[in-house]
Structures are given as structure tokens and as C-alpha cells.
Amino acid sequence: MAERWPGFKVIERDDRYAVWQGRLQPLQRYYTVRIGYRVPLAIEAFSLLQVQPRVQVVDPVLEHHSDYEEGPIPHVYMNRDEPRLPYLCLFDAYNREWTPSDLLAATTVPWSSRYLFFYEGWLAMKTWRGGGRHPTREERNGIATDKAIAAV
Amino acid sequence: MTYQTPILPPSTADALLMDVARRIQLSPTKHDEAEQHYQALCTHVDRPDSPLHGKVIACYPGGSFATGTAIASRVSKDQHDVDVVIELDILPNSEPSGVLATLFVAINGEEGCRYHGRVTLNSRCVTVTYEDGTRVDLMPIARLDHAPLKAGYLFHWRREAAETYHKPVNPWGFADHFNREVAFDPVFATMFDARRQIADGVVAKAETDPLPGRVPLSEKSSRVVALQLLKRNRDVRYRSRDGRKPPSVVLAAMALDIGPAHSGLVDEVINIASHISGQLQDHIRRFDTLIVRNPSFPEDIFTDRWPGDVAAQHVYMRDLDHLQRQLGRLRSDNANLTEMRTILDDLFGETAAGFAVERFLDASRREAERGAMRFGTTGRILTGAPAIVGAATSTVARASTNMGGVCIPD
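Chains as they are written, first to last, in the numbering used here: chain D, 61 to 212; chain W, 178 to 587.
A few of these clues could be false.
To be verified - One-sided and incomplete, this derived list gives chain W residues near chain D with beta-carbon spacing under 10 Å:
#, residue
1, T189
2, E337
3, A512
4, L514
5, V534
6, E535
7, S541
8, E546
9, G556
10, R557
11, T572
12, V573
13, A574
14, M580
15, G581
The set of hints was computed from the structure by calculation and includes no laboratory data. Beta carbons are placed, not taken as given, at the ideal position from N, Cα and C, and that holds for glycine.
Start from the sequences, fold in the hints, and give me the full structure.
Below, the structure written as C-alpha cells:
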């Protein structure tokens, strides 16, 4: 992480948990981004939805636009504790596009920058042009659950 | 012939300007349609029961259509105007009002005739407006003896101002001169074509060298495309102004006075704008007005109806300075995408600007979906030359799908 993303620093850490914070500049504007991640234990049964890295845009906070396509904020998971700081939905957990064996530096960080790039496009065009999908009803109802996998 | 020089993708600002240009240009279909329109018109003027039967010597596009610098007159509706020269076998000193009126009658014809009711008589031409809003301006000229090839007199008549005169012109000569002077630039033509493929998501075709004969005139050099952008900017600026706007032919002729074209489109637009602005500034300082002549026929003065006075020069000079400042902001390191869109809206109108930003985003999305998006160490999405230069230190991210709409389970 430090090698590829020198602007990111660890701001919180314990045995299996760390939080990084740094600045991303997809085009011209800078965004402060926070990434929290807890490495699951080998014996834990978990779903990717639960263990995925939690990415938040701290500054400037993401704008709400209910009248824009995919609004009020496109492709985020709600955050009940801090509604202003939702989590970015950067991959399809149902299809295992990310697993704990992936490096955050090779996936989560560039995907966050990609998200912010299209977020700027969303602000400029009022339409989301970054692609993506929403969970199907089956996925939402847990009939087709995201894959429970063994930890690495 | 294969070009050995590696061709770098355009910068973000150049890519956006290329997409604006693609939106304002005439599509090949519109181009073909325009040709059919004017050829049918000329045949109509020469029909057996026409007052000009047997008098049509030649008919050819003049102005922007002949130099590849034509743009849509109304971008949102893809409307365009075509200037056509119709050479008539009449005496050069024929009465202008008579010549124009006869051409009007020849085109308008009897009631029930194809063009009847769609024809307007103007001071130098007769205009036919088609159902889709396309307009063809047919300008009659009579060839002059002892003058360069195809040089002639145009006929000017304005009843309201009691103006009537002949003016020496040579539109064919200028187009020929312009097309010879503006060299085919294989680097630019390749970049432009590559941009079209990336932005429109066209599957890359087998590698072919762009040859002058195969590349449309309108895409052969950054100078031609920069002129299209300059004209679009002029049209946007003059939308709500009274009075004449700087004629396209004046801009094209002045652009020929500059040195070699830059391959970068932003640089080339600034290059031309700065040159024209500088010339206007010189004349403003001297309290006189610009004179631009047809390089193929100096008797043909392009500036006979604009600028007219120092104030008109000042207005356009300010526009050109604004254009340069805004383009400087567009390519600076401080503009976000919303600001870039605002700049493009301001300079080239909403339709073309929206198209360019959409295409930019869509091309980036396709890159992301291919897992080919590159990121600098600050997360900067690398496009154009920086993507190649920074390839060693950048991160390529594999594709993933944006999801969302639910809460993360506890």
C-alpha cells in the first residue's frame, strides 16, 4: 500500500484491523478517502458483503442529488451510523469480483478512484455513466446469497 | 506506407475538443445529402422550361463545404447550410437585380413545382430551405475574361439600401489554394480516427494508413478541425447579437498566414485565435479596419462586409481572447469535470459539450470494463501521453462492477 499509494497512511490499527486515509485525485479535484478493513479469521464463515473493505469519502462528502439518475448518491451502501458517509460499492460480491486474497492496493484503491472519476461525471451530466448493477430480488432476499467463502 | 512514429493518444482536453468537433461536423450522410441537394438544384435551374436553360456552365460548392470546414448551423438538429456557386453564361456586367430575380424565378418555378415557396431572394444569392431546415445558398457568378481560372463577378443587390454592384470573386480559387496549403497530417488524422473508434466504441479496424484520398477533408489536419471549432465558437457568441459575424472565409484565409499546424487541437485553436486576435488588435490600435484578400485572386476582398468598423473588431477580439483563456483553463490542472463541461458549454454550446463529456466518460468506462484503466500514484486516471509515459509507475486495475442500493449486513 505504501509503495503504490504513498499518499495513504494507516490511521488506526490493531491485530487484524486497519484504517488507511489518503487523498485521491481521479481528474483534477482531490478527495480524502478512508478505507477500513478487518482480515477475517481462517475459521470464520463469512460473506464477502460483510468482510469487504469499507470505503468512505470523507472530504468533500459526496453530494446528494435525488433528481439525478441513480441519485441521491450512485452505487453506495447506506451507513446507518453516519448517513453522510456512505460506503462505496466497488465490486460485485455475489460474483466474487473481490476476495480477501486480493491486495487492497491493487483493487480497492484504484476502484475508489475510478468511482470518484465517474462520480465527477455524474455531477457534470446528472447521469451515471460508470456502469454497474443493483442486486436482483433473489440476491436481496438472500435466495441467491453472496458466496460464503473460507478465509485465506 | 507505414508511419513509424508512435502516435500518442490525445490529452483529456484534446480528446474533449475532438469530440466537440465530431458533433458539429457534417456526418457523411448529411454531406452526401447536401451534395445531392445542390446537384439536383443546379439541374433544376438548367431544366428546359427554366429562364436559365442552357446558361448553367458549372455548379460547385464554395465556402466551407469546399474546404472541409463546414459545420452544422444548428447542432441540436444537425442542420447545415451549403454555399454553392452557380456559374452562368451571362455578361459579367449584367444588372444584379435582374440576375438574382431570374435565378429566383428559375428555382421557384410554377406552383406545384418542387421548390416552389421554399425560395428566398437575398442580396447575393438565392436560398432554398429544405424540410429538415437545411439551406442551400446558390450564388450566381459570371466568369471574367483575363482573370484566374473560375474568377468572376458576383451580383449584389439590396432594394432597401439601394445597393447594387458587381464584386470580383473566386471561391473556387480560394478553396483550391486552401486545400493545397493545408497539408494532410497523418499523425493528426490517425489520432482523430482513433478517438472516434475509442469514443464511439467501434471495434478497431485492421491497421491502415490514413491516405489523403481516404481521409475526409474535414479531418485531414488540426488546422481544419480547429477552424471548425473557431466557427462554432463564433456562432455561439453571435447568437444573440445584431449585425454581421466574422465571415468563415476571413477566418480560413487568416489561418493560412500562420506557420505549421500543431498536432494538439487545443494548441491549434489557441494558435489561430491568438493570431487573429493579434491582427485585430493591431488594426484597433491604428483605428483602421482589417483587410483580408483572396490569396488566389487579390481583387476579391473577403472583408468587404465585416468588420466594417473598429468596434466590430473589438467585439470579436474580446471573444477570441475569452476563447483562449477558457481553453487554457480546460487543459490546466485545476478543472474538474463539471467545470470542464461548463467551459465547453460556454464555448461551443450545450449539445456539443454534452456529447463530448458523455463520449469521454463512455470511453473511460469501456477502458475500465476491459481492465485497462491506468492510475497514477495519486489515483489520477491516466489518459493520453501521461498514460504511456507513466506506464511503469502506474497501477492497472482489473474490472469490477459498481453495485449498491442496500446496507452492508452486520
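Hint check results:
Checking W:T189 against chain D by beta carbon gives a least distance of about 8 Å; that is within 10 Å, so the hint holds. The interface hint given for W:E337 is broken, as the beta carbon of that residue sits about 47 Å from the closest beta carbon of chain D, more than 10 Å. Contact between W:A512 and chain D, as hinted, is supported at the beta carbon level, the nearest pair being about 5 Å apart and thus within 10 Å. Proximity of W:L514 to chain D holds as hinted, the smallest CB-CB distance being about 4 Å (cut-off 10 Å).
A distance limit of 10 Å between C-beta atoms decides the matter here; for W:V534 the minimum to chain D is near 6 Å, and the interface restraint holds. For W:E535, the suggested interface contact is upheld, since its CB lies about 6 Å from the closest CB of chain D, less than 10 Å. Residue-level restraint check for W:S541 holds (minimum Cβ-Cβ distance to chain D is 7 Å; threshold 10 Å). Residue-level restraint check for W:E546 holds (minimum Cβ-Cβ distance to chain D is 7 Å; threshold 10 Å).
Residue-level restraint check for W:G556 holds (minimum Cβ-Cβ distance to chain D is 3 Å; threshold 10 Å). A least Cβ separation of about 5 Å between W:R557 and chain D falls short of the 10 Å threshold, and the interface hint therefore holds. Checking W:T572 against chain D: minimum C-beta separation of about 5 Å stays under 10 Å; hint holds. The closest approach between the C-beta of W:V573 and any C-beta of chain D is roughly 8 Å, which is under the 10 Å cut-off, so the hint is satisfied.
The beta carbon of W:A574 is positioned within 10 Å of a beta carbon in chain D (closest approach about 4 Å), and the interface hint is therefore held. For the restraint placing W:M580 at the interface with chain D, the shortest Cβ-Cβ distance is roughly 4 Å, inside the 10 Å limit, so the hint holds. Because the beta carbon of W:G581 sits about 4 Å from the nearest beta carbon in chain D, less than 10 Å, this interface hint is met.
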